[in-house]
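Colleague: Sequence:
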Amino acid sequence: ARRRGAHVYAEVAGFAGRSNAYHMTGLKSDGAEMAEAIRAALDEARLDPTAVDYVNAHGSGTKQNDRHETAAFKRSLGEHAHRVPVSSIKSMIGHSLGAIGSLEVAASALAIEHNTVPPTANLHEADPACDLDYTPRTARERKLRNVLSV
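Quick note, the sequence shown lines up with residues 1 to 150 if you use the UniProt record's numbering.
Treat the hints as calculated values from the structure; they're not laboratory data.
Treat the hints with caution; some may be incorrect.
[Unchecked claim] Straight-line Cα separation of at most 16 Å, EDC-like style, residue types lysine to aspartate or glutamate; simulated pairs:
| hint | residue 1 | residue 2 |
| --- | --- | --- |
| 1 | K74 | D53 |
| 2 | K63 | E141 |
| 3 | K63 | E11 |
| 4 | K74 | D133 |
Construct the complete structure from the given sequences, taking the supplied hints into account.
Modeller: Rendered as structure tokens:
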């Protein structure tokens with residue numbers, strides 16, 4: 001983009017992936033594998049967890065997944081997990097299966113461009129086990145430099 005003189009919305013500074021053999025579709029509630037992937041991506045990007053300004057969660061809206069992600073964010077971001085806004089664009093566009101990763105990267109880049117945390121639409125009552133700032137119902141202006149998309 002720079003060589004072409006095009007506008008640069010964002011840069012992917014780090015990435016990582018992990019998996020487990022726990023269950024074909026089930027997730028362990030401790031979030032260990034996701035937390036490990038988050039830490040590896042932050043290490044590759046040379047970012048401290050406190051540098052994360054917003055988390056674009058997978059956010060499928062299932063009890064199992066939401067609790068897994070909450071645990072992973074707490075494990076990987078420490079106390080900062082309670083200070084960083086988290087939201088899911090799936091609350092507005094649904095789950096597009098294989099395409100969702102690309103859409104979430106694009107949404108993360110636009111969040112940075114516009115310094116806006118997208119809302120988790122229709123979140124009226126959070127699961128008590130999911131006690132982070134899930135940006136319910138309304139977008140929020142916030143200076144964003146580093147976004148974590150999972």
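Colleague: Does each hint hold? Answer for all of them.
Modeller: Okay, the hints, checked on the actual structure:
For the suggested pair K74 and D53, the alpha carbons sit about 15 Å apart, so the restraint of at most 16 Å is met. With a C-alpha separation of about 28 Å, the suggested pair K63 and E141 falls outside the 16 Å cut-off, and the hint is violated. Our distance criterion of 16 Å between C-alpha atoms is broken by K63 and E11, whose separation comes to about 32 Å. Between K74 and D133 the alpha-carbon distance is near 12 Å, which keeps this suggested pair within the 16 Å criterion.
Violation of the numbered hints given earlier is confined to hints 2 and 3; the remaining hints are satisfied by the structure.
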